[in-house]
Every structure is written in structure tokens, then in C-alpha cells.
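Enquirer: Chains as they are written, first to last, in this note's numbering: chain A, 26 to 98; chain R, 792 to 1073.
Check the hints yourself; a few may be wrong.
To be verified - Not the full set, but computed from the structure, chain A residues with beta-carbon under 7 Å of chain R: (1) Q47; (2) M51; (3) L58; (4) Y91.
Claimed, not checked - In the DSS-like style, the derived pairs of lysine-lysine whose C-alpha atoms are separated by at most 30 Å in a straight line are: (5) K35(A) to K893(R); (6) K850(R) to K43(A); (7) K67(A) to K46(A); (8) K67(A) to K850(R); (9) K43(A) to K32(A); (10) K67(A) to K976(R); (11) K893(R) to K46(A); (12) K993(R) to K976(R); (13) K35(A) to K89(A).
In short, the hints are calculated from the structure, not lab data.
Owing to the predicted nature of the structure, the values given are computational and were not obtained by experimental measurement.
All C-beta atoms in this analysis are idealised placements derived from N, C-alpha and C, irrespective of residue type, glycine included.
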Amino acid sequence: MVRLDSKKNKLVLDLKHKTGKQLAEMVLQAVYLYGAESEEDKAILRQMSRMIQGEEPVVSIDLKDYLKGGNND
Amino acid sequence: MIEFSNLSAEGFMPISRVFLTNYRGLNISMEEAMLVLHLLDHSWFGNRDFPSAEYFAKKTGKSGQTVRAYLRSLSHKGYLTPIRNELGDKTFDYSPLLGALKDLAGVPISDEEKPKPMHDESPKDSLKQLIDTSLEMAKDKSKKRAPIQTKPAHWRRLQAFNDKTPEQYNAKDMEFVMAQEWRKKWQSPAPRFFGRDMKHTKDLISIYGAEVVSDVITRCVIDWETIAPKFNIKGYPSMPIFWGFRNSIFPLMIDGELATKPSWGSQFTEEEDTPEGGEIGW
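Looking at chain A on its own, in the form it has when it is part of the complex (with noise of 0.2 Å):
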């Protein structure tokens, strides 16, 4: 559900499980709600949104090349 990747010094949501999946949603809620500036950024995050949900098929996208200022992580 939640790995903790100490080598990647990553999170790891895992989408098969429900659980990951909500909170998948609520990350991108919360760059939707305090970090969106342009309609393009929401639609961008509701369709990553969707993804998850299983409502479109899945691609992989990273939010770092909508950040401002490009290479922000």
C-alpha cells in the first residue's frame, strides 16, 4: 500500500490497493487545491485523477515539468 524506498528516497503509493489509490487522490487534491494557478494545471491534475481512478488508461506524467520554474522537485 505505502513502501518507503530508501534507495530512491522515495514514497511509493501502490495503485492496486484502494488505499494507495486514495491517497494517490489526496496528494493531488492538495497540489490542486493550494498549487494549481492556470485551468491547465488543474485539467493536467484531474486527468492524473482519472488515471488513477481507472477511468482513463494510465501514462506516466510528472509534475515537475508543469512546476514553475521547470526542475523544481
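With chain A held as given, fit chain R onto it using these hints.
Expert: Then chain R, alone, in the frame of chain A:
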């Protein structure tokens, strides 16, 4: 073993701690804050459209009327902008609310996201002063805290005062007139007008007119240091004092003779007027 699956069935909602720790500073009450949380949650799940008052009523268990009062209050505070949707129905735009949150967090915000209190496109300093004064007056002295004003009547009263000219002021408005000058001069909460003060103010308005009463109160507060010794008044200006001295302060101020005409008690200080053996009486 972690048992989490049942709790996570409905999902979670992220709440910014900036909002949780600062909503009081934004003059948002606890009930309004809960409404804001429902609104933020709706904005993610639903559509961009603002939910109806009935939606909030269903979620919170409050009546539609109560919810509408909270929404109006948030609107008066500038966090919601009343607009019409495509169907022409009344609704709200909540981008100023999100703008206020971002502002608190130090994120630069656009002009349209800036809160516009009381529907004023360009809030004037005088309006801000009026709001600050009214909130200061609402302070509960015994508890040393300012109650959050959620009643739309409070904001309607401020709006009405702001729209009026001095000749339209009523007794309640005189409380604001005095409080504003008081705050400018002494930076402390002005005395409230209670039942008897309201009656006296009403009587003064009927005798001298609202514009004169407003002018006299303002000038008295401004020049209190010179006026008080002239009438041998101990203490700060208040409605009982204005009422008690209505036959001296008001006529002298109206005629502009406050500085020249002798006032109460001044004849006793001038000793040259009473030469030796020249006293009147037995």
C-alpha cells in the same frame, strides 16, 4: 496490523495548515471555516461551479437560511464574489478565498484573486478604518478577545453608514462617528452607546440635526484637551457629557464662539472682575 481500509473507503481531503491556523485572522468564523472546507472538497470532486446552499445544508445539517447567512457573511468579507452563472442563477466565485490563502502562504496572487471586502472594487482606507473600528468596539472586554462577526446585520450596518452623508446619520451611526475619531486620537476602543445614550443621541439629533451633532462630536474629540478644562469636565468625551452640556457646548460650537465666549465657571477665575468691596449681595 494496520487496519485502514474502512477509513480510506471515502478517501481523504487535504487541509492546508495555513488555513487552519489563520482562518481566525481572516475573520472567518468556525462555522464559515467548515463551509469553506466543504467548498474546497466540492471543487475537487464536482465541477468548478459553486454548490447550492442546499448542498451545504445537507452536508452540515444547518438550515438553508443559516447557510445562506454564512455565505453572505463570507461575501461581505470579500472572500466570495457574487456572480450569475450561465442560467442566470445567483452563485459565488471563490477565487478571492483561495487568493487569500495563497497570500497568507506568501504566494504571489493575481488581481482577480485579491479579496475585495464588501463588494467595493477599490477599498478605501476610510472603509478599512470603519471596519477595524467596528470590530474593536465589538471586543468583549471581559474576555479580551474580538468575537468573529458573522451576523450579516453587522456588515449591513457598516455598509449603510459608509453610504450615508452626515445629515442622514441616525443615533447608531453617531456611535461610529465618535468611535472613528476616538480611535484616530487615542487608539483605544471607544465607549459604546447603550440604551440611555441612544435616547440622548436621538434627542440631540432632533434638536440640532444629525450633521451638527456629528460635527460637534467630531470636533469635541479632536479638541478635547482644550474643551474639557473650559467646561471643567473631568474625563473623556462620552454621550452623557455631550447630553449634560448640550446647552453650552452645542450653541457655542454652532456659533463658533467657543474660544471667545465665557463658559461655565470661567467668571470665578478672573479676579479682576470682582474689585475689593464690589461683591454683589449681602
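Enquirer: Could you check if Y91(A) really has its C-beta closer than 7 Å to a C-beta on chain R?
Expert: Result: violated, 16 Å to nearest chain R Cβ.
Enquirer: Holds or violated: are the alpha carbons of K893(R) and K46(A) at most 30 Å from each other?
Expert: Cα-Cα ~27 Å, so holds.
Enquirer: Checking hints one by one. Is M51(A) an interface residue toward chain R, by the C-beta closer than 7 Å rule?
Expert: This interface hint holds because 4 Å falls under the 7 Å limit.
Enquirer: Measure nothing beyond the straight line between the CA atoms of K43(A) and K32(A); if it is 30 Å or shorter, mark the hint as holding.
Expert: 26 Å, holds
Enquirer: Does the structure keep K850(R) and K43(A) at a Cα separation of 30 Å or less?
Expert: 25 Å, holds
Enquirer: For the pair we were handed, K67(A) and K850(R), check the Cα-Cα distance against 30 Å.
Expert: 25 Å, holds
Enquirer: Hinted pair, alpha-carbon criterion (30 Å max): K67(A), K976(R). Please report holds or violated.
Expert: 50 Å, violated
Enquirer: Just to be careful, I want the Cα atoms of K993(R) and K976(R) compared with a cutoff of 30 Å; is the pair within it?
Expert: Roughly 25 Å separates the two Cα atoms, so the pair holds.
Enquirer: Do the alpha carbons of K35(A) and K893(R) lie within 30 Å of each other, as the hint requires?
Expert: 27 Å, holds
Enquirer: Are the Cα positions of K67(A) and K46(A) separated by 30 Å at most?
Expert: Given pair K67(A), K46(A) holds - Cα atoms ~19 Å apart, limit 30 Å.
Enquirer: Is the interface hint for L58(A) satisfied, with its Cβ closer than 7 Å to some Cβ of chain R?
Expert: 5 Å, holds
Enquirer: Do the numbers back the hint for Q47(A), that is, is its least Cβ distance to chain R under 7 Å?
Expert: 4 Å, holds
Hint compliance for this structure: hints 4, 10 are not met, and every other hint is.
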